[in-house]
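Peer 1: Taken in sequence, the protein lines are chains A and B.
Positions 446 to 972 (the numbering used here) are the ones given, in order, by the first sequence.
Positions 446 to 972 (the numbering used here) are the ones given, in order, by the second sequence.
Among the hints, a few may not be true.
Pairs involving identical chains hold if they fit within one copy or between any two copies, as the list cannot separate such chains.
Derived SDA-like pairs (lysine to any residue); straight-line CA-CA distance at most 20 Å [unchecked claim]:
hint, residue 1, residue 2
1, K684, L919
2, K684, P937
3, K451, Y516
4, K684, A920
5, K684, Q921
6, K817, G761
7, K684, G850
8, K684, D940
9, K852, I607
For the record, the hints were derived by calculation from the structure and aren't laboratory data.
There are 2 protein chains.
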Amino acid sequence: MTRRRKVYGWGYQGESLTAEEEGAALANFHRLFGVDRFEERPIPALEAIRLPAPRIGPPSSLGTICSTGAYDRALHSFGKSYPDTVRGLEADYAATPDVVAYPRSESEVAAVIDWAGSIPASITPFGGGSSVVGGVAPALWGDGCKGAVTLDLSRMDQVLEIDPVSRAACIAGGIFGPALEEQLRPHGLTLRHFPQSFEHSTLGGWIATRSGGHYATLHTHIDDFVESLSVVTPRGVVKTRRLPASGAGPSPDRLFIGSEGTLGVITEAWMRLTPLPRFRAGASLWFPDFFAAAAAVRALVQAGLSPANCRILDPGEARNTGAGDGQAALMVLGFEGWDQPLAELLARALALAADYGGRQEQPEVRPSAGEKWRTAFIRMPYARERMVPRAIISDTFETAVTWEGFKALHAAVTRATLDAIREATGRPGQITCRITHVYPDGPAPYFSFHALGRHGVLIEQWRAIKSAASEALLAQGGTITHHHAVGRDHRPWYDRQRPDLFAAALGAAKAALDPGGLFNPGVLIDP
Amino acid sequence: MTRRRKVYGWGYQGESLTAEEEGAALANFHRLFGVDRFEERPIPALEAIRLPAPRIGPPSSLGTICSTGAYDRALHSFGKSYPDTVRGLEADYAATPDVVAYPRSESEVAAVIDWAGSIPASITPFGGGSSVVGGVAPALWGDGCKGAVTLDLSRMDQVLEIDPVSRAACIAGGIFGPALEEQLRPHGLTLRHFPQSFEHSTLGGWIATRSGGHYATLHTHIDDFVESLSVVTPRGVVKTRRLPASGAGPSPDRLFIGSEGTLGVITEAWMRLTPLPRFRAGASLWFPDFFAAAAAVRALVQAGLSPANCRILDPGEARNTGAGDGQAALMVLGFEGWDQPLAELLARALALAADYGGRQEQPEVRPSAGEKWRTAFIRMPYARERMVPRAIISDTFETAVTWEGFKALHAAVTRATLDAIREATGRPGQITCRITHVYPDGPAPYFSFHALGRHGVLIEQWRAIKSAASEALLAQGGTITHHHAVGRDHRPWYDRQRPDLFAAALGAAKAALDPGGLFNPGVLIDP
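Here chain A stands alone, though its shape is the one from the complex (with noise of 0.2 Å):
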C-alpha cells in the first residue's frame, strides 16, 4: 500500500471534502450560528511539526520492525477526537511515542513487549488511530517510565484460516475493514460489521473497544461475532478455545472484549461469519416527530421483528445530513436476509409504523432519503479536519438507556449541552439526536452538538460542553458509551458508571496479566 494516512485529520493523504461538501456544511454553520465569515488558522504542514527527540531507542534486533521517523511518531501521537485534531491544529506533539513497532507475527509482539517491559516503557496498542475518545495517544505512567513504545498492528493483516462449515475464520487483528471483506469475499462470506471507522480501523481495534457495527437489532455490537481470541499479554499468550457457546464459568473472551489495550494486544481473532445477504428490502419513513418515531421502533423491536438498519433522525439531524428540510423525523429502515424474500416483513414493518405516523417516501425517490443520509454519515470524519480551523466545536456523543428512561435523558442531555455551549461559547449553539442501535429494553441515542468556539482555548470549550453533556448521561441513567469506548476522555464518567468493586476486579485482572502496568495506562483503568 503507498497510500500514506494523514497525520492531521481522517484518511489518506489527499483526501478531503468536497469543495461542495464543505461549502454546504458551513452554509449550515454560517446560519446557525449567525456570522458571515469564520477565523480560519492554517494546518502546520508535516514538515513543520517539531517532535520531541525519542527517550529511547529500540535494540538492534527489532530495528527491523521498529520506526523512530518523524512521520510514524506523528502519526501515532492521538487518535481523531475533536481535542485530537485541536492539538493536530496546534502542532502541539508532546505525547508522541518514542518508538513505533511494527511486529509481524506473535512473537514479534511478545519481542516488543519483552523489551518495552525491560526499560520500562509503556505500550501501546495502535489498530487504525481512530479512536475518538483518547484511546491510542501514547503515555508514561509513574516515576520509572521512561519511554512510549506504540505497538502498531497493520502487519498482522490477513486472513489466516477459513472454516466454511462452521462459517468462521481465523483472522489477525491488524487487518483493516476493507481488506478483511476483500479476503473473505471470495469464499462468499462476509464479518458484514461496518462501523463509521471501517476504512480507517482494524478487527483488533473493533474487538477492544466493543465496536458497534452494522446491525441495528440482535447483535449490534462486534461482541456476539467473535468465537475465539488470542491476546499477548506481558505474562504470555492466551489463547481461547473455539466455541459456538460454553457455560464453563465467566466468558474469558468478554474479559478482553472491550479491554481497550490495557490488558495485552488482541492478534487473532476466530470470528464469527455469513454469506453475503441475498435479499434486501427498505425504507424511509417520515414522521411528525422524534418521539413519533422512537415509538415506533420501540413498537418495532419489541414485536420481535430484527431489522438489520431501523436508524432513526430528529429533524435537525435530518437537515444537517441533507436528508430532510428540518421539519420531520426520518427512520432509515432496512431488512436483509438469506433465506426467504423480505417483502412481507418489509410491509409489516411499515404497517406497525404507520401506528405512529410513519408514512413511507414514494419509493422512487432517488437518491432517498435513506440514500442521502448514509452518504453524509460517511463522509462525516472528514469534516472535522476542515471545521476545527475555523474554531468550530462539533462533535458526538452516545449512550444506551432504557426506553422508560430514554425521554428524561434525552430532555436533560438537550438542556444541559445547549446550556453548557452557551456558557462556555458565549453563543448559542446545536445539539440534535439520532437512534442507531436498538433493543427491546431501551435505545441507543446518537447525539451532535455544534458550537462556534474560539482559538487558544478550544479544547477547554470543548471540555466544557463535553463534560456537562456526560454529567447529564451518567445522571439519567445512561453509558457513558454505547460504542465508542471509554480511553482516557470518558475515564472520569466511567469510573462513576462502573461499580468500585468491578474496578477492583478488573484492576486485579489486569495486575496479574501485565503486572509492570505497561499497557495502555490510564486507559480504562490505572495501572
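We have chain A already, so just place chain B on it with the hints.
Peer 2: Below, chain B without anything else, positioned relative to chain A:
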C-alpha cells in the same frame, strides 16, 4: 409453602415416578443389560441419617434466620448429581453444612457473610440445589477454615419491580421458576427461561451457572437476558447499571454470570422479559439418521431461521424416551412469535428439512413424538433416585463444538464412553445423543449414558466413565459444559480448557472481591 423438598432425590416429598414410568424405565434397562433383576438397596430414612456434629453455631443476632436442624443440614449437603445421589443412598453426609442461613434481604446476606468471615467459615450460595456438577456441596478449605455455612436464598423470592415500558423486571435471586412466572403473569410478561430444573432452581442459580433455557437458537443461555445485577461480596455490594447495552469496558455483568458462587452471591437482577408468545407453530420430523438431522439443523440455523425449538434426538434417545422405535432420528421443531402467524416460517423450515430427508409426522398424531419426548424430559430427573438403588449408572453430559468438529467429537465421545463403560463395569452399556441448542457455528450435543454398576463402587465406576467422556470432549475441541456449569466435578477439564492466564486473572479478581477465599472454595477456581 408447606411442601418440603426431598433430601434424597428430585422434587418434593411424596413425588416420584409412577409405577408405570418406573416399569418402563426398568424394562429398558433389563433389555439393555440383559439381566432379569437388579440388586436393590434400601433408601435410608431421613430419621436414620447421622450428621456430623456442627462445628460452629450462629450468633444470636442471626438466630432467627439460621438453622442447624437435621433436615436443613441434610438438604443442603449436596446437589442432584449422580455421585450426590449415590452419597444419599449410602447416607454419606460428610460434607454437611454446620449452619444454613436463610437471609431475607441484602443486609442480612451481608451480615451472614460478615459473621462467616469472622470465624472463618466457608460460604456456599444455594438456590434450588439442583446442581449436577458438585456445585453446592459445602467444603472447608485450608487450615484456618473452621466450618461451613450455606447461604440459602429461598426467602428472597419476589419480583420486586416491573418496568413495563422497557419490558424488564427487578427480581430477587432466590425466586424459583414457577413463582417467578406466576408473579410476572398478571403483567402479561414472561422470562421464558425453562431449564429442565425449572421447578427446582432459582433465578440467581441460573445466572450463576449460565443456565440454558427455552430458546434453542439466538439467546440460548440466561446470559443475554440479564440487564443488571446485584451481587453481595465480602467486600461489599456490586450493583451494575441497568443498560440495554454498553460499550464501556469489559462487561461487569459477564464477570459474575457464570461465577458459580465464587465471587459472591447474586441477590437481585433486572431481567429482560417478553410478553407471552401469541403464535406457535411446530412439527415432529423423522430423519433416516442423526447426522442427516444434524445437517438439517445446521441448514436451518445458518439460513437465519431462528426456531424456539429445534432439538434433535438420535434413534436410541428417541426410543428411550418413548418417542420413537429406535429406527429414526427425531427433530422437535417449534416456532414462537409475537407479531405474525408462523405458518410460512414453519413451511420454509419443513422444506429445508426435507432436503435432508426429514419427513413430518402426521400432525394429527396425539401425543406427537415431540410431546412424548417432552413429557419424558420433564420426568427424567425423578428417575435417578429409583435407578441408583439398583446400581444403575445413568448420567448425562453436554458440550458445544463447531460444526466442522461435530462428527469427530461425536464418534470419539461415543467410543470413549462405551469403552469406559465396558472397562469400568465389565459389561456393555449405552450412549445416546441429542442436540439441544444450535448456533450458526456449531451445535450443543447432549449425551446420555447408561451402565450397570456395582454397589459400593458406583462413584468410582461413574468417575471412570465420566473421565473418559470428558477427556474425549476436550481432545475434540468441545467445552466441558454448555450449560451444566463447572462445579467441582468438571474442574480437572475446565482447568485445562480455560487459558492459564485467564485463570490467573479470574483468581486475582476473586482475591479482590473475596480476599478470605470464603465463597464456594474449590468450585471453578481455588481460593
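Peer 1: If a hint holds in the structure, say so; if it does not, say that too.
Peer 2: Here is how each hint holds up against the structure:
For the identical chains of this complex, K684 and L919 are inter-copy neighbours only, at 15 Å across copies versus 35 Å inside a copy, given an alpha-carbon limit of 20 Å. Taking the shortest Cα distances, K684 and P937 sit within 20 Å of each other only across copies (18 Å), while inside one copy they are farther apart (32 Å). Taking the shortest Cα distances, K451 and Y516 sit within 20 Å of each other inside one copy (9 Å), while across copies they are farther apart (73 Å). Taking the closest pair of Cα atoms, K684 and A920 come within 20 Å of each other only across two copies (16 Å); inside a single copy the shortest separation is 39 Å, beyond that limit.
Taking the closest pair of Cα atoms, K684 and Q921 come within 20 Å of each other only across two copies (16 Å); inside a single copy the shortest separation is 39 Å, beyond that limit. Within a single copy, K817 and G761 get their C-alpha atoms as close as 14 Å, which meets the 20 Å cut-off; across copies the closest is 59 Å, which misses it. Proximity of K684 and G850 under a CA criterion of 20 Å is satisfied inter-copy only: 18 Å between copies versus 40 Å inside one chain copy. Proximity of K684 and D940 under a CA criterion of 20 Å is satisfied inter-copy only: 14 Å between copies versus 29 Å inside one chain copy.
Proximity of K852 to I607 under the C-alpha cut-off of 20 Å is restricted to the inter-copy arrangement: shortest distance 18 Å between copies versus 45 Å within a copy.
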